[in-house]
Structure formats: C-alpha cells, structure tokens
Amino acid sequence: MKQKIGRWIIPAIAGLAFIYLLVPIAYIFVFSFNDAGRTNLEWRGFTLDNWQNPCGAPAVCESLVNSLQVGVVATIVSTALGTCIAIGLVRYKFRFRKLTDVLIILPLATPEVVLGASLLAQFLNLGWELGYTTIVIAHSVFCMSFVIVTVRARVSSLDPRLEEAAADLYSTPRAAFLKVTFPLLVPGIVAAALLSFAMSFDDFIITNFNSGTFQTFPKFIYVAATRGIPAQANVIGSAMFITALLVVVIGQVMAYRKRKRLEQV
Amino acid sequence: MSNTVMTKKGKIADLRSRDEIKAERRKERTGVYLVVPGLLLLLLFFAVPVMVLLSMSLYARPEGASIGEFVPALEFRNYATVLGSYWPDLLRSFGFALIATVLALLIGYPMAYLVAVRLRQHGLLQGILLVLLIAPFFSSFILRTQAWKQILADEGFVAQTMKFLAILPADGHLTATPFAVVAGLTYNFLPFMVLPIYANLGRLDTRLLEASGDLYAGPMTSFFRVTLPLSAPGVFAGTLLTFIPAAGDYVNAALLGNNRNTTMIGQVIDSRFFKVIDYPGAAALSFVLMLSILVLVTIYIRRFGTKELM
Amino acid sequence: MNTNTAEPSIKQVDLPRSDGADLNLKGVTKRFAEFIAVKDLDLMVPSGTFFALLGPSGCGKSTTLRMIAGLEAPSEGQISIGGKDVTALPSHQREVNTVFQSYALFPHMTVLENVAFGLKRKKDKQAMEKARAGLEMVELAHLANRRPEQLSGGQQQRVALARALVNRPQVLLLDEPLGALDMKLRRQMQMELKSIQTEVGLTFIHVTHDQEEAMTMADVVAVMNEGRIEQMGAPRDLYELPKTAFVANFLGKSNLMRGTVTGERDGLLEVAASGHKIVVAVDRAVQHEGEIVVGVRPEKLHLNREAPAEATGYNELSGEVIDVSFTGTTTEYLIEVAGIGRIGTFAQNRGQQSAEVGETVYLSWDSAHSFGLAGDELVDAGVDKT
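Residue numbers (our numbering), protein chains in the order written: chain V, 159 to 423; chain U, 8 to 317; chain R, 1166 to 1551.
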C-alpha cells in the first residue's frame, strides 16, 4: 500500500506543478481571443480579430520588432564571444585565468537590478544616450556568462584525443578545429544561443534601466499593465509560445527520425 | 612546479627545448586571442560599471543643487541613510526569495525527477514535458505575471470560489498580498530550479537505485540516501539560480503586491533612480544588495558547495 | 544484426606493399613539470619491423609514442623517420599514424568518413575509394554508413586501424590498441594485426603493458622502465636471457637467488647462496665476481620427490612444499628453501602423483638455464604486485 502511494506521489505533485506552470499561458491564450476593446481584463466574447490583426493596437508590433532585433544581435555577440572564451578557458593555459573565472561567474551572482543600475551609472558617466545600442551591450554582457557556462560544459566533455587524432591524420590546427572540434560543439552552442535569445527577449529589469525611450516588448507590456494590456499582446505572447513549442517539437522529431534511420542502416 | 631549475651558479635555467617553448607560447597566444574580446566586454560593461556604481554611491548632493545634480565625494553617510530607511525592504526581499526558493525546490524536484528518471524509457512524453518546461520562457514573463494578477483578481474565478468555500474571508484578497508576490516569484523562477536538477538527474545511474533496493533500502530510503545526495550539485545550482534573481526582482512585487507590506528592494532601487532621482542612494542600495548576496552565496557555497558547480 | 559474437577475419586485399621507414631516436628526453617521463632514449627500429614497447603504466612508453607521433615535443634529442629529422615537424606533417588507445573515432562522422578523414586532409582524389578498400580489408564494408557509437568494441578497433592504415604511413603507432577488448577478442586481434603487418610491410610500433601480447606479436621487444629501455631484443632472447631483475620479473616469472661468486671452473661460475652451491654459465652472467643474483625460470626446474643422483652442470636444492595449486594443465608448487626463500615451479599434469604440502622435495635444473644478474638488483623489481 505504502509502495503504491510512493509510486503515485511524484507524478501527482509534478502534474500539479505542470498545471501551475501552464495555467497563465492557457489564460493568455484564451484571452487572445477576447473581444476586449481597450482593456483585456474580463471576458467579453470570442473573436478572431486580434489574431487577424495582431498589429492592431498601437506600439505592440513596433516593440516586438525592437525586441527581436535586440535579441538577435545580443545573441550573436554573446554567443560568439562566449564560445571563444569557453574554448579558451578549457583548452588553453594563460595568465590571469583565475581572474577571468571570477569575472565570468560574478555577473551570474549579481541580481539584474544591480547589473542594470551599474550599467546605467556607467552610461550616465560616459554621457551615452540610452537606446538600442546600450540595450544590446547590456544584454550581450549578461547573456555571455550563461553562454560561457553552457558551452564550457560541452568543451570540457569533449575528448581531447579527438583533436590529437585529427592532427595525427594530417589536419592543420585550423582544419582540426573546423572539421572536428567545432561540429562537436554545435549542439552546445545552439543551446546557448537559444538560451541567450530567450533571456534577452524576455528581459525587463536590465532593459528598463538602460533603454531610455526605446520600447521593447516586455517594457511595452509593463507600461501597458497599468492601463490594461491590449489583447494583441496576448496574441503575440501565445504565438511566441507556440512557435517555440513547434521549433522544439520539430527538432525532437527530426532527431528521433535520424536515430531511427541510423539504426536501420 | 615549473620547468626550471637553479643551476650551480644560481641562475635559473629553463629545461624545456626550443620546440617545447615555441609550442607553449603559440598555445598561450591562441588562448589569449580567444579570451580577450569577451573579457574586454566584461571588463568595460561589468567590472568598470560596478566600480562606477561604487563611486556613485559615495557622491554628495551640494547645498541648493538642482534635482539629479551630484558631485564626486566620499559620502559614506549615504549608506547609513538608505539602510536606515530601507532595511525592512532588504530583509523582506531575502525572506521572500528564500521562501520562493524553498517552494520552487519542493515543487521543482518532483518535476525534474519525473521527467529525468521516471520517464527515461518514454522518450516522447519526456520530450513533450521538457518542451513545456522551457516554452514558458518565450511567452513574456511580464505577460504571465499579469495573467496571474488577473487570475487571482478579486472578481476572478479563483478568489470567488475560495470565498464561496469560506477558505478566504469575504473581504479578503489574493492579489496585493505577500502570498501573491511569493507565488509569483516561485512561479517565475521555477524553470531555473527544474532545469539544473533535470540535467543532473538525467545522468543518474538507475542501477544504483536497484543496488540500493537490493541492499534492503525501501524506495524512501533509496531516495534520501542515494538519489538526493547524488543530485546535490543540481539542487545547489538550481537554488542559486532561483534565489539570486528572486532577491533582486521587482516585477512580481510591483504587479502582484501592494504599497504596504510587499515592497522589495528592487522596487526601491528603481524608484530612487527614476522617480526620486537619488542616484547615490540607489547606487548605495544596489551595492548593499550585491554584497549581501555575495556574502550569502559564499557562505552557502562554503557550507554545501560542490566543485562540480560551474 | 549480430555484432559481437563472430568477428570476421581479415582477408587478403590488394593493398600495395610498402616498406615503411627506419625510425631513429637519439638521446630523446621528455621532462614534465613534476617528473622525467623519458630519459636519454636511443632507439633504432629498422623498416618493416613489428616493434613492441613493453612496460608497466607510467614507464614512459606512451610518452615516447606521442613524441614519435608529434603530439608532444621532446625536451632533448632528435627523432628521425626514414633518415629525415622530424623533431620540429608538427603532427599533421609527419608520415606517421596512430591507432589510439580509446580509438578516438570521430563521433559525428560515419565509419567511412572516419576512414577517409586523413586521405581527404591530404587532398587524395581517391580518398573515398581507398577508404572503402581499407574498410574491406578489416571486413567492415557493410557498416560504412554507421556511426562509431553503433559498433562493438572490436569493430571500433578495426575502424581505428583502417583509418590509420589507409594513409600508408611510414610508421604506424599502436597505443595499447587491444586494451579495451575482452580476452578472446584480444587474442584474435593480435593474430590479425600481426598478419596485416606482414601483409602491408609497414613499420609498426606497438605500445603495451601485456608481456604476452608483446612476445606473441613483435619481432623486437623493448622493455621500458622508469623512462629507460632496460633491454631490447627478440622475444625469445629476452625471455631466456634477461639482463636485469626487472626484465626477469616483468617478462614472465623468475626465481631469483642472491649469492656470492666463489670461483670459476669449466666456463661455470660457482656461487654460494646461504650454504647452497649454485652454478651459472659465465657467458650467461652480467657480472663475474662479488655478490650476484642468480635466476632461473620456473618451468626449467625439475621437481623430484627423492634426491636425484648428482650430475655435473646441474643445480640442486631441497625444500618443503608450502603451497600447491591446481590450474588445469599444470600444478603450481611453492617451495620454501632454507636460506634462499620461496621458489616457484610447476609440473604438467600427466597423472603422476603430486607432491603435498609439508613434503620435502628436491629441485634440479641445468646450469645452462641459469642466468646471472648484477648483485645490486632488487629481487622483486618488476614483480606484478596486484
């Protein structure tokens, strides 16, 4: 009897937890079909208008495009620089390694408010105008630490003998990197890039400190929350969720098929 | 340690051949090229800003200066002033963050365990649940927090049902309470707890559980004696990744809280920066927050830390 | 698909013979931060030789191999292949290929891509054809499109071998290539490696800690210990006439007895060992006076239950049996000889009655089977302590 309870208790808690995780998303999805008018607070009837015209509310789409732009650029910068650091830290010896380590870990242990505030202090000091550039810089910095940690795990788990084998088989260091090391790091780098993009796209606190009048999607919603968020924001939130879901599911299915195909050879 | 010895004349001789030294130099140079660009970014836009923040926290406001005008100084009283006024908010932030972390662990561990261990043989279901864990990241976190606000609103279904069942007094609220803020924090940072634990449990060798069962341990004993200790690095990373952002968060407090007993330190810093235009005060508070988290984290790492982290 | 049970054997293929090249190491030393891995090593491997570097782990054999491959730069000395100095040449420019200990197959490539990798880097226009021929040689052509992870250990080993061999290197290096295989597969692969080497005629340098493996496969064995070569020669010569206690113990087993030379007669040294008289041929001893260590292999001893008639040129000892263990084909005995210590021997099980524990027995052996080592040798050097 006790054993039976034990078997069910974990799925039960986990099931409730998944519901907890998904309730707001279901709510956002349902209310994206609300015939809301100006404020999307209570249910006023079903409509497809919001989905047909997602840019209908002022500033929704502009802020979305801004967020996407910032996200893409910050992801490219942080992934490129972070990957280089990760490889450098695992594979090469140089002075100031300890210092580098600390410098990478510290941003992870610093709350976003402090990251945002210190960058603001710096930009004020430099007299830079807050906007697109300052946000891209801010996002690149805080995403980079996550990239480094993710990619570094991948680099450390790589067998150094593979590179030696490549060198032994007439690969110049360059060819060994391009043909062996890099392809093996790709899954880690892709994961890091996705994480970066998600963090940048969803960031509010650091953005709020360093964006001036530049509007990102989370900032738009935060500001709109006091007046009432237009239903179009729900459309975009739902669409992002569904897109992410599809991308991951397609990826999984492709990986699954590839595995199957290989087994048949 | 190094490849050098003292010769009879007391000079230091390098024992390595020219080829060895050349190879080593080349290697070091490549390493430096790889690391320097990113390191520069970190130096210029993390290390230096923190220093700027520190110096700004000591700025003074001259007599009769206009709003937002400060001069460089060593005004340590700034710290006393802000701590004097805002120590309850600082404590509350850590309290809320701690409760949210514990709750996230209690909720998140079973989730991670289910997906990583129980569903190991069911690739498809495992994949779906993993997607559901990650996908919320992509539907704006503020949108989700706002959704909670509306779900828990006074006129909403949940509050009405609870009032009908007399779980909640007729004049009670769910939103604008510490409960709502902590629930929001737990909700928002739950994936940060689950994913590291999941990654760790994914590597758990289930034969160890069989061995433990073979040695007369019940499922409970096996869990507490084998699974949990082995997943400690994941739990450790998860708790840090939850606690640190939760302590500095202010979106949950702003959207789900009130003005009386839910103010978190992030809100104060934000408002001192943007509403009161008290840069030194805001900088001082930021610095206090950063230092206290570093101290707490260091103690935590010393006490429970594992080398496997990061 | 059965993968592990029946490993197909390697068949004759029309790969061109090449003679490989001489490999020459002169005064090669490798120092690491904490220790010296290889000390002033001189080595000459004639082309076409199957050469084994044998030694316990940490003896410097792998470091030597890595220096030949160019994966490690020597601290001192010179390495030349086919008469050409390659000491400063990076790995990818050396006509040397390695079969790595853990195979180091590229996990993101198919078996065929793995085998073609080196040829492609050399811009060989027939890379794919040659890779296919290489796979055919190791009988894995049917698995060309698989990933390494889908292969058994033995199959991975063959892929690694094919990947190195298709490049027709001047020297092929094998770093404990059979270490991860189980005993049966190991013996089978030993034979196949040997036949491939005979077939293609390359210079093989095989690093191993398995003395049986080294003796079965190699033309020349070098026993390495603590960064130096203790002794080098044909397997039989090394076994029959070890020059150091380390070689005597590491390569097979030996009974070593300490004694003092008392005289020389008819080309035999007379040695007094704790009251016993032992003789050893002068030309089988590395030292001819003072304290020396005399050794004899266990299988050279005759075990008698009654005292044998005295014969010249024979050594005789008597002692008490303290342990008997039955191993199937033979029975092993441990005999305590007063003043000398424990002597091991064994007898074929041909139905004769075996001696029992506590019984007094008589040991004898032809002095032509004794060997004499230097007196300052440690009697237990190179003994497998596990």
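Treat the hints with care, since some could be wrong.
To be verified - Partial list, derived from the structure: chain R residues whose beta carbon lies under 10 angstroms from chain V:
(1) K1191
(2) A1269
(3) G1283
(4) R1401
(5) Y1404
Think of the hints as simulated: they come from the structure by calculation, not from any bench.
Idealized CB from N, CA, C, for every residue including glycine.
Results for each hint:
1. K1191: violated (23 angstroms)
2. A1269: holds (4 angstroms)
3. G1283: Given a least distance of 3 angstroms, the restraint on G1283 of chain R holds.
4. R1401: violated (33 angstroms)
5. Y1404: violated (33 angstroms)
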